[in-house]
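Peer 1: Let chain A serve as the given structure and place chain B on it in line with the hints.
Listed here are the chains, written in short residue letters.
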Amino acid sequence: MSGGFPVMVAAAEQAANGVKKLRFVRTDGAALPPYSAGAHVVLTLEGPQRTFRNAYSLLGTTLEGGAYEVAVQRAAESRGGSAFVHEMLQEGAHLTISAPLNLFSLNHTGRHHVLVAGGIGITAIHAMAEELAMRGASYELHYAMRDEASGAFTQALLSRHGNKVRFYVSAKGERFAVSQALRHQPLGTHLYVCGPERMIDGVLADARAEGWPEGALHAERFAAPAGGEPFMVRLARSGITLKVGEHQSLLEAIEDAGVDAPCLCRGGACGQCETTVLEADGELQHHDHYLSQKERESGAKIMTCMSRLRGRELVLDL
Amino acid sequence: MQVSPITSRPLYGRLKPQVRARQHIALTEGAGLSAFEEAFGALPDILVHTTLIHIANPSDAALATRLEKLGVDSLHMRPTRETALVKLRAVLSGAGMGARLYVAGDEDFIGPVQALALEVGMMGEAIQAEHRGSLARRVQCVHCKGFNDDVMVSPFTCRHCGTHLLVRDHFSRRLGAFMGVVIDAEAPGDVPPVETLQPVPVLCAEGRP
Numbered sequence: 068m069s070g071g072f073p074v075m076v077a078a079a080e081q082a083a084n085g086v087k088k089l090r091f092v093r094t095d096g097a098a099l100p101p102y103s104a105g106a107h108v109v110l111t112l113e114g115p116q117r118t119f120r121n122a123y124s125l126l127g128t129t130l131e132g133g134a135y136e137v138a139v140q141r142a143a144e145s146r147g148g149s150a151f152v153h154e155m156l157q158e159g160a161h162l163t164i165s166a167p168l169n170l171f172s173l174n175h176t177g178r179h180h181v182l183v184a185g186g187i188g189i190t191a192i193h194a195m196a197e198e199l200a201m202r203g204a205s206y207e208l209h210y211a212m213r214d215e216a217s218g219a220f221t222q223a224l225l226s227r228h229g230n231k232v233r234f235y236v237s238a239k240g241e242r243f244a245v246s247q248a249l250r251h252q253p254l255g256t257h258l259y260v261c262g263p264e265r266m267i268d269g270v271l272a273d274a275r276a277e278g279w280p281e282g283a284l285h286a287e288r289f290a291a292p293a294g295g296e297p298f299m300v301r302l303a304r305s306g307i308t309l310k311v312g313e314h315q316s317l318l319e320a321i322e323d324a325g326v327d328a329p330c331l332c333r334g335g336a337c338g339q340c341e342t343t344v345l346e347a348d349g350e351l352q353h354h355d356h357y358l359s360q361k362e363r364e365s366g367a368k369i370m371t372c373m374s375r376l377r378g379r380e381l382v383l384d385l
Numbered sequence: 005m006q007v008s009p010i011t012s013r014p015l016y017g018r019l020k021p022q023v024r025a026r027q028h029i030a031l032t033e034g035a036g037l038s039a040f041e042e043a044f045g046a047l048p049d050i051l052v053h054t055t056l057i058h059i060a061n062p063s064d065a066a067l068a069t070r071l072e073k074l075g076v077d078s079l080h081m082r083p084t085r086e087t088a089l090v091k092l093r094a095v096l097s098g099a100g101m102g103a104r105l106y107v108a109g110d111e112d113f114i115g116p117v118q119a120l121a122l123e124v125g126m127m128g129e130a131i132q133a134e135h136r137g138s139l140a141r142r143v144q145c146v147h148c149k150g151f152n153d154d155v156m157v158s159p160f161t162c163r164h165c166g167t168h169l170l171v172r173d174h175f176s177r178r179l180g181a182f183m184g185v186v187i188d189a190e191a192p193g194d195v196p197p198v199e200t201l202q203p204v205p206v207l208c209a210e211g212r213p
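Protein sequences, first through last, are from chains A and B.
Residue numbering for the first sequence follows my numbering, starting at 68 and increasing by one per position.
Residue numbering for the second sequence follows my numbering, starting at 5 and increasing by one per position.
Among these hints, one or two may not hold up.
Quick partial rundown of chain A residues pointing at chain B, CB under 8 Å, derived from the structure [claimed, not checked]:
hint: 1; residue: Arg178
hint: 2; residue: Leu249
hint: 3; residue: Arg250
hint: 4; residue: Gln252
hint: 5; residue: Leu254
hint: 6; residue: Thr256
hint: 7; residue: Gly269
hint: 8; residue: Ala272
hint: 9; residue: Arg275
hint: 10; residue: Ala276
hint: 11; residue: Glu277
hint: 12; residue: Trp279
hint: 13; residue: Pro280
hint: 14; residue: Glu281
hint: 15; residue: Gly282
hint: 16; residue: Ala283
Not close to chain A: a few residues of chain B, all C-beta gaps over 12 Å, as computed [as the list claims (entries may be wrong)]:
hint: 17; residue: Tyr16
hint: 18; residue: Ser38
hint: 19; residue: Ala60
hint: 20; residue: Asn61
hint: 21; residue: Ser78
hint: 22; residue: Met81
hint: 23; residue: Val124
hint: 24; residue: Val146
hint: 25; residue: His147
hint: 26; residue: His164
hint: 27; residue: Cys165
hint: 28; residue: Leu179
hint: 29; residue: Val186
Computed Cβ-Cβ distance ranges for the label pairs, DEER-style [unchecked claim]:
hint: 30; chain 1: B; residue 1: Leu15; chain 2: A; residue 2: Asp327; range: 41 to 49 Å
hint: 31; chain 1: B; residue 1: Gly17; chain 2: A; residue 2: Gln81; range: 37 to 45 Å
hint: 32; chain 1: B; residue 1: Thr87; chain 2: A; residue 2: Gly203; range: 45 to 53 Å
hint: 33; chain 1: B; residue 1: Glu123; chain 2: A; residue 2: Gly338; range: 31 to 39 Å
hint: 34; chain 1: A; residue 1: Ser172; chain 2: B; residue 2: Arg178; range: 18 to 26 Å
hint: 35; chain 1: B; residue 1: Ala66; chain 2: A; residue 2: Gly240; range: 57 to 65 Å
hint: 36; chain 1: B; residue 1: Gly17; chain 2: A; residue 2: Ser172; range: 25 to 33 Å
hint: 37; chain 1: A; residue 1: Ala150; chain 2: B; residue 2: Val23; range: 45 to 53 Å
hint: 38; chain 1: A; residue 1: Leu170; chain 2: B; residue 2: Leu139; range: 38 to 46 Å
hint: 39; chain 1: A; residue 1: Gly366; chain 2: B; residue 2: Ser138; range: 47 to 55 Å
hint: 40; chain 1: A; residue 1: Gly269; chain 2: B; residue 2: Arg70; range: 39 to 47 Å
I should point out that these hints are in silico values taken from the structure, not numbers from a laboratory.
Keep in mind that this is a model prediction, so the values were computed, not measured.
By construction, the Cβ of each residue, glycine as well, lies at the ideal position given by its N, Cα and C atoms.
Same shape as in the complex, but just chain A (with noise of 0.2 Å):
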């Protein structure tokens, strides 16, 4: 993926325990373009021993003034782009930012919209509340985080959102009911769910239990690629061989062989990076939410972004 916009760092600061908020403004001066919630965009991070991109949500509204702003988490287990941001990325640092893609946008035909958050799955979450209030649209807002100090953002929803807005704070042993909270919901409901995979998953499970029909469920998902053994590729058009490591996707072997390869969301949900799958001597292990069950097992395509081949070579059509 190339292209994207050069920018640089207008504003850092800490935004709660473990989370970063950085403003980017573009160098040159010209506005950044629109969005609209839910989007998100892909930091190029230029790391001392490799480069990172990550995908990261848009907060607020794109009438910020041409301006992108992000919130990043400190991840437990940093493949080492979230610890660049929070140790490297200061005030007049410069990066490359794509263009904003949305996979995670409001039904606006819907009839009331209910959003949830886990942890630092509200950046998205937090833009939607956002546009909803500005388009005097009916929502809620539930906000599970593990304890305060961790809880980015918890004033500014509460300001804004009102009675709207409730928190679980998992410290104090508080939970979101989330049967009750969708059972007596009326027709024409949207849900819109954004954080941990587990979380996102349970909530999902409750809501179909519920009987919630799949159109009116939406969720985000920012796993980043599961690393493991090591393997070797081969690209099969362009004569190259390389070696995927340990901490790296096979998107990213890809890129740092300087091959251009499809991508876009880096996340497994949009679809763009499905490569055809030559040779495979090894057992491929899909990380996507893209593919059928079908597809998986025929093992004719992967997505390089979140999948990786656990055994010796994978030859691609690339």
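Peer 2: Just chain B now, with coordinates in the frame of chain A:
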């Protein structure tokens, strides 16, 4: 029997109760009642969460007895389509996201029922329809906007404005009606021979052919 190349042309399946739903709302007319009985009859656990609205004279005691034996949670007999739709609107206004709607009957009845459910916010995937009965279509004249029920042939003359209309397979989910377009605009009065409208294939409950 051919599948229409017009993708908006509705295709109907067989009713299949969604076991995860919290509430089942069924609306039947004529032979549509048999479709409901076949799909729900052996499922007492689902029937106790089912509201059935059937179009029939409420003073038909024999029919009322047959319906009561089904064991639904709530039963409503309404004499006409109009009164049944009023009842449906009231039931949907109290329904939640766990509700599913099932409609069975003539094609020109299914359309307006689906349109009402969509209008009050129900998702298309939460609505099932089974076609039992007449092939007659509900057609909107795109020129005068008048609705014509019980249309069996094409071309036909709009009952509101007298225009000669070709009945197209184009279907509006919002209006619950097919589109009727003037057929003799170039040469007024030059109308092709009348043909009887053809049925569409019946599908399995899961999808398209």
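Peer 1: Of all the hints given earlier, name the ones this structure violates by number, lowest first.
Peer 2: 7, 8, 23, 31 and 32
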